[in-house]
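Chain residues, written in single-letter form:
Protein chains: 2
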Amino acid sequence: MVDSLENNPPHQVVIIGGGFGGLYAAKALAKAKVNVTLIDKRNFHLFQPLLYQVATGTLSPADISSPLRSVLSKSKNTKVLLGEVNDIDPNAQQVLLGDQAIPYDTLIVATGAKHSYFGKDNWEDSAPGLKTVEDAIEMRRRIFSAFEAAEKETDPEKRRAWLTFVIVGGGPTGVELAGAIAELAYQTLKEDFRNIDTSEARVLLLEGLDRILPPFAPELSQQAEASLQQLGVTVQTKTLVTNIENDVVTLKQGDEVKEIAAKTVLWAAGVKASPMGQVLAESTGAECDRAGRVIVEPDLSIKGYPNIHVVGDLANFSHQNGKPLPGVAPVAMQEGEYVAKLIQQKLKGNTLPAFNYSDRGSLAMIGQNLAVVDLGFIKLKGFFAWLFWLVIHIYFLIEFDNKLVVMIQWVWNYVTRKRGARLITGQKSPLQVGNEAPSNYYKATPPREILNV
Amino acid sequence: MVDSLENNPPHQVVIIGGGFGGLYAAKALAKAKVNVTLIDKRNFHLFQPLLYQVATGTLSPADISSPLRSVLSKSKNTKVLLGEVNDIDPNAQQVLLGDQAIPYDTLIVATGAKHSYFGKDNWEDSAPGLKTVEDAIEMRRRIFSAFEAAEKETDPEKRRAWLTFVIVGGGPTGVELAGAIAELAYQTLKEDFRNIDTSEARVLLLEGLDRILPPFAPELSQQAEASLQQLGVTVQTKTLVTNIENDVVTLKQGDEVKEIAAKTVLWAAGVKASPMGQVLAESTGAECDRAGRVIVEPDLSIKGYPNIHVVGDLANFSHQNGKPLPGVAPVAMQEGEYVAKLIQQKLKGNTLPAFNYSDRGSLAMIGQNLAVVDLGFIKLKGFFAWLFWLVIHIYFLIEFDNKLVVMIQWVWNYVTRKRGARLITGQKSPLQVGNEAPSNYYKATPPREILNV
Chain S
20 MVDSLENNPP HQVVIIGGGF GGLYAAKALA KAKVNVTLID KRNFHLFQPL LYQVATGTLS
80 PADISSPLRS VLSKSKNTKV LLGEVNDIDP NAQQVLLGDQ AIPYDTLIVA TGAKHSYFGK
140 DNWEDSAPGL KTVEDAIEMR RRIFSAFEAA EKETDPEKRR AWLTFVIVGG GPTGVELAGA
200 IAELAYQTLK EDFRNIDTSE ARVLLLEGLD RILPPFAPEL SQQAEASLQQ LGVTVQTKTL
260 VTNIENDVVT LKQGDEVKEI AAKTVLWAAG VKASPMGQVL AESTGAECDR AGRVIVEPDL
320 SIKGYPNIHV VGDLANFSHQ NGKPLPGVAP VAMQEGEYVA KLIQQKLKGN TLPAFNYSDR
380 GSLAMIGQNL AVVDLGFIKL KGFFAWLFWL VIHIYFLIEF DNKLVVMIQW VWNYVTRKRG
440 ARLITGQKSP LQVGNEAPSN YYKATPPREI LNV
Chain P
20 MVDSLENNPP HQVVIIGGGF GGLYAAKALA KAKVNVTLID KRNFHLFQPL LYQVATGTLS
80 PADISSPLRS VLSKSKNTKV LLGEVNDIDP NAQQVLLGDQ AIPYDTLIVA TGAKHSYFGK
140 DNWEDSAPGL KTVEDAIEMR RRIFSAFEAA EKETDPEKRR AWLTFVIVGG GPTGVELAGA
200 IAELAYQTLK EDFRNIDTSE ARVLLLEGLD RILPPFAPEL SQQAEASLQQ LGVTVQTKTL
260 VTNIENDVVT LKQGDEVKEI AAKTVLWAAG VKASPMGQVL AESTGAECDR AGRVIVEPDL
320 SIKGYPNIHV VGDLANFSHQ NGKPLPGVAP VAMQEGEYVA KLIQQKLKGN TLPAFNYSDR
380 GSLAMIGQNL AVVDLGFIKL KGFFAWLFWL VIHIYFLIEF DNKLVVMIQW VWNYVTRKRG
440 ARLITGQKSP LQVGNEAPSN YYKATPPREI LNV
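Same order as they appear, the protein sequences are chains S and P.
Residue numbering for the first sequence follows the working numbering, beginning at 20 and increasing consecutively.
Residue numbering for the second sequence follows the working numbering, beginning at 20 and increasing consecutively.
Calculated from the structure, these hints are not laboratory results.
One or more hints might be untrue.
When chains are identical, the list treats them as one kind, so a pair holds in a single copy or across two.
As the list claims (entries may be wrong) - No more than 25 Å apart at the CA atoms, straight line, and that leaves these computed lysine to any residue pairs for SDA-like:
no. : residue 1 : residue 2
1   : Lys133    : Thr269
2   : Lys95     : Phe212
3   : Lys365    : Val347
4   : Lys171    : Pro28
5   : Lys95     : Ala120
6   : Lys209    : Ile417
Please put together the full structure from these sequences, using the hints given.
As structure tokens, then:
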């Protein structure tokens, strides 16, 4: 820890959240003359952009996760605590972690977003989203279990429902999921079943707007749609989901209402702020947008509280006269690094100009060979886009062994068309026949003591 | 599937269980003129000998698992079904899978073993074992959470209990776990914490007999104990566990009774047969031993039912005048292959001599640099034993990408002393603070329809 140079204790920075925003802020403060405490509910940083590859059996969770302590172990001024912050006291300048109060001079809140079901929270059970490792494992379980169930199903109607996959949301996550599932059905699993022909599977991608990948240039949206269709995905735009219940998805296209029998529905359609947004609003009077994101000043602080910053998916930041920045990894990274720089400048009595996001472009993968990349001045598609996508993701993965393992898995998949991580796991026995209760530690038992520390 | 050569339908072999016994039997029948149906509760084959490396954060589950369909996809005569067999009807020659009846001409039962707590099943909650992927993930969660909890704990007594790890059972699994946890505490995690010094952790290995690794030659047991102590493990032999409750382990050494406060207790001490043993006993009158294993004839069949074979951990087989073979992977592999050969010989009107196990030796890893290998005529220890251990395990891993990924993880660990897979996962949020219920799909909900298909 940093020694006191004078009689002043060193500046304490507390960062809540070890995702792209929080972790990049912490890394940028590694050599600063401050003490940093990073708090996260999980002990690892998750590379969310590749989560869909865990969900579709290409990668394992550890391949895209880095233990926070490990990433920050060389930052001698940085402490990592595993915990969930209950409350923030902006007047006493403390965060409350269980019954521990952690004091701060500067607070960076970077707790991200969760899924939004547009008010229909009961859909969550039927249509899981993809934000955490457990989400990905559950999605993976459902996808692969569907083929297994179809293999055993004798009723053709039910089998068809098992082989129907509906992905709701045509942004990058939905597009990547749809492409990966189509490849599973039409390529990877083709030889693995005897009773079913997996190429009879239907993969539907539903998007409410008039094109998929709305943030991209229109010609790239078109290209992506064409590539998806080539892969076997049925893309339906201007399509709203009005109900998901009993394995039936109800859609509205214009005035037309349709029903699709689908046992596997996956949600990639909406996000809202993590609960910390509400905590901040209540304790500081900060204003939030409709998705619960905290509206921040040009320097990413909260109005009236210049020493509380919000970065990443939790923050609603707009350039002057601009739209709010999207909840993507590069935004969070740049915001985190900006705040770190700002803290160091302020300690020297300086300041910084307003945050300015440098938009380096957007990319989305469609299947294993194609991608679309929008760099503004350059638009790539097809094979070169795919190569670019791979390189960028490897570059930003943290930890060298992750880079190496992911590269190997991708080469392997490319060469063999197989996927190395298609396990059905996550329940004591995925087949809990009859009254067999899952083993104790999978029941909803009272939390382990660690939580009350 | 194999066509009928005459008017006789082809010989139907049904295999229950895709572990070493069942999978090796299926692979050996790949080119036989039979139809094979392999049924497993899981969709993958698990390389159990390396499960302790998942539990201690070196490997991911997918690195040591192979989807059964994938392994058998080239065996055109083989069908894989995901399901749990409820019952066996030896007279109608069928197995019952939910409400489906699967007929067989030859049945191979290879469902393995589960943990035994010597009657004290309530210990299972406090002291998880290591048989499945979920077991390993839970063990991993507890091990790494313990260090996290210690980091936040202000009470020195409680911190000491968080940093005390007790492993019950001095066989290969216990030895390997103890060595790996000691390395975590004294090497891997040393730089990662700020409030605690992980080298203050205590790792205790408790064994009831007079030496650890009882099946090995005595000098190797001694060597293993010396190596473990060098790693920092406290080995206590002739020590029986009499109670595990409220984070206190009660031991009995001779007449002395001791209590150890330990938040993390891991079970590697006893196994018993899977419930299928009971099902077989009831339906065929087969005799079982005290651990519930089915006693088999010299040709691994059940007395009175020459077309029902039991292989692997579920079987109790003795050479003439010998002790029952141990429940280890090479035994299961050889038994599976023997039965496959027997089936093919019988179809030609031949027979085979009694099964004879070819004991190629035993091996155990102690930490990352040392192992003991007992090959009978050769005994290896230290560095060469370790190399041998690595090569053997890589050799027997199924699927080339697993071999490659595991080799890379091991090289990485060796060079950096880090471990690439130390995630705390497995619950919706590992910190369920207050009344927050876990997300629906982690509650003990009724099984998904797949189970009733």
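These are the hints, each one checked on the structure:
1. Lys133 <-> Thr269: For Lys133 and Thr269, the Cα distance is within 25 Å only inside one copy (24 Å; across copies 45 Å).
2. Lys95 <-> Phe212: between (54 Å within a copy, 10 Å between copies)
3. Lys365 <-> Val347: Intra 27 Å, inter 64 Å, cutoff 25 Å: neither.
4. Lys171 <-> Pro28: This pair counts as between: shortest inter-copy Cα distance 21 Å, intra-copy 67 Å.
5. Lys95 <-> Ala120: Only inside one copy: Lys95 and Ala120 sit 22 Å apart there, 63 Å across copies, limit 25 Å.
6. Lys209 <-> Ile417: between (34 Å within a copy, 20 Å between copies)
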